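Q: Using numbering that gives the first Met the number 0, the first residue of the sequence shown is number 0, and each one after it goes up by one.
Simulated from the structure, these hints should not be mistaken for lab results. Model, not experiment: these values are computed from the prediction.
Heads up, simulated BS3-like pairs for lysine-lysine below, C-alpha to C-alpha not over 25 Å straight-line: (1) Lys-154 - Lys-133; (2) Lys-18 - Lys-266; (3) Lys-291 - Lys-112; (4) Lys-291 - Lys-266; (5) Lys-112 - Lys-133; (6) Lys-291 - Lys-268.
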Amino acid sequence: MVTKQYSELNSDHYSALHKGVQLVLSPDLEGQAQRIWISSGVTRAATMSGHRSYAPNAFIPQPPWRLPNSSEYQLLCADNSQANPLGWQLGSFIGVCRIPDPVLAPLITILEKLEPATLSRQHFLERLQSPENKQAILPIIQFLHRYFLFPHQPKLLGFYLKQPGLETSTATLAQLQPPGQAIDPDQVVYVGMHLDSWELAPVEQRHRSRNRLCINLGREDRFFLFINLTLKDLSDALNPLEVKNDPNGVRLGELFMQRYPSYPVVKLKVAPGEAYIAPTDNLIHDASSIDKQQIDLTMTLLGYFGLPFVMNRRVLLDVVTGNVWSSS
Numbered sequence: 000m001v002t003k004q005y006s007e008l009n010s011d012h013y014s015a016l017h018k019g020v021q022l023v024l025s026p027d028l029e030g031q032a033q034r035i036w037i038s039s040g041v042t043r044a045a046t047m048s049g050h051r052s053y054a055p056n057a058f059i060p061q062p063p064w065r066l067p068n069s070s071e072y073q074l075l076c077a078d079n080s081q082a083n084p085l086g087w088q089l090g091s092f093i094g095v096c097r098i099p100d101p102v103l104a105p106l107i108t109i110l111e112k113l114e115p116a117t118l119s120r121q122h123f124l125e126r127l128q129s130p131e132n133k134q135a136i137l138p139i140i141q142f143l144h145r146y147f148l149f150p151h152q153p154k155l156l157g158f159y160l161k162q163p164g165l166e167t168s169t170a171t172l173a174q175l176q177p178p179g180q181a182i183d184p185d186q187v188v189y190v191g192m193h194l195d196s197w198e199l200a201p202v203e204q205r206h207r208s209r210n211r212l213c214i215n216l217g218r219e220d221r222f223f224l225f226i227n228l229t230l231k232d233l234s235d236a237l238n239p240l241e242v243k244n245d246p247n248g249v250r251l252g253e254l255f256m257q258r259y260p261s262y263p264v265v266k267l268k269v270a271p272g273e274a275y276i277a278p279t280d281n282l283i284h285d286a287s288s289i290d291k292q293q294i295d296l297t298m299t300l301l302g303y304f305g306l307p308f309v310m311n312r313r314v315l316l317d318v319v320t321g322n323v324w325s326s327s
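Please put together the full structure from these sequences, using the hints given.
A: Encoded structure:
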């Protein structure tokens, strides 16, 4: 009863966008205007997913999508006209940047020869492990140093192949399979809008977790989906008893979407050769290949990334090491 009353008191408050996670677009990107859409809220995947198999409590964006109005755009986008005095906010900024074609060209050439659409994911990833192919990845890592918030060794999470036409693309297996065994499509379960937990930090520490840089290596636009609220924002919107019972926040996204299904999802276009930077341990998100005709292919790293024109390395390093408190 307490939970229901708490939800009713806040339902109108969370029926429209709030200012939260901020989007920062690199100035050299093309097509700045038509890059963001917002949904009509979220819905349980069972009502919309067609033939796709979703987890029982999965949520996906509720269509129709529309362009944000001017007020919503201001809520979503950081002001790039002047450097942020606090620098890049690790837990509450999303960025989009461009990787130059010559940097990606050696790897793209290899990928086209591999014809990923005709290979199993396992075979494809094995082929990428050859010394020649690893050499093609080095120029990309070297270029990405300009987006390091401070010197560190990022973790290459890997290369991901996803089918076109997916409302959301993150999936898991219904049961573990032996190494080397082909994946049974009937065992694939899509998780919908979700929270990463690479570091399993508690809610109050999530803003210090490493963020993700994900490069679109495909031939078509792909879309990053997110709710523009940090995990701390979600916890503030929920009953304190629910938050107390989930110290790592792993279920807060599901609870928020259940309580406030009218709160919109943001869809962000990431064109071929572009990368997004996002705090996926600190916000509800997924990706979509819904309008694609070809395989969705990405390269993903975990580290401390940011766009250089809003960086303040000293403040960021203090936040990561815990020397100062940040509300992001």
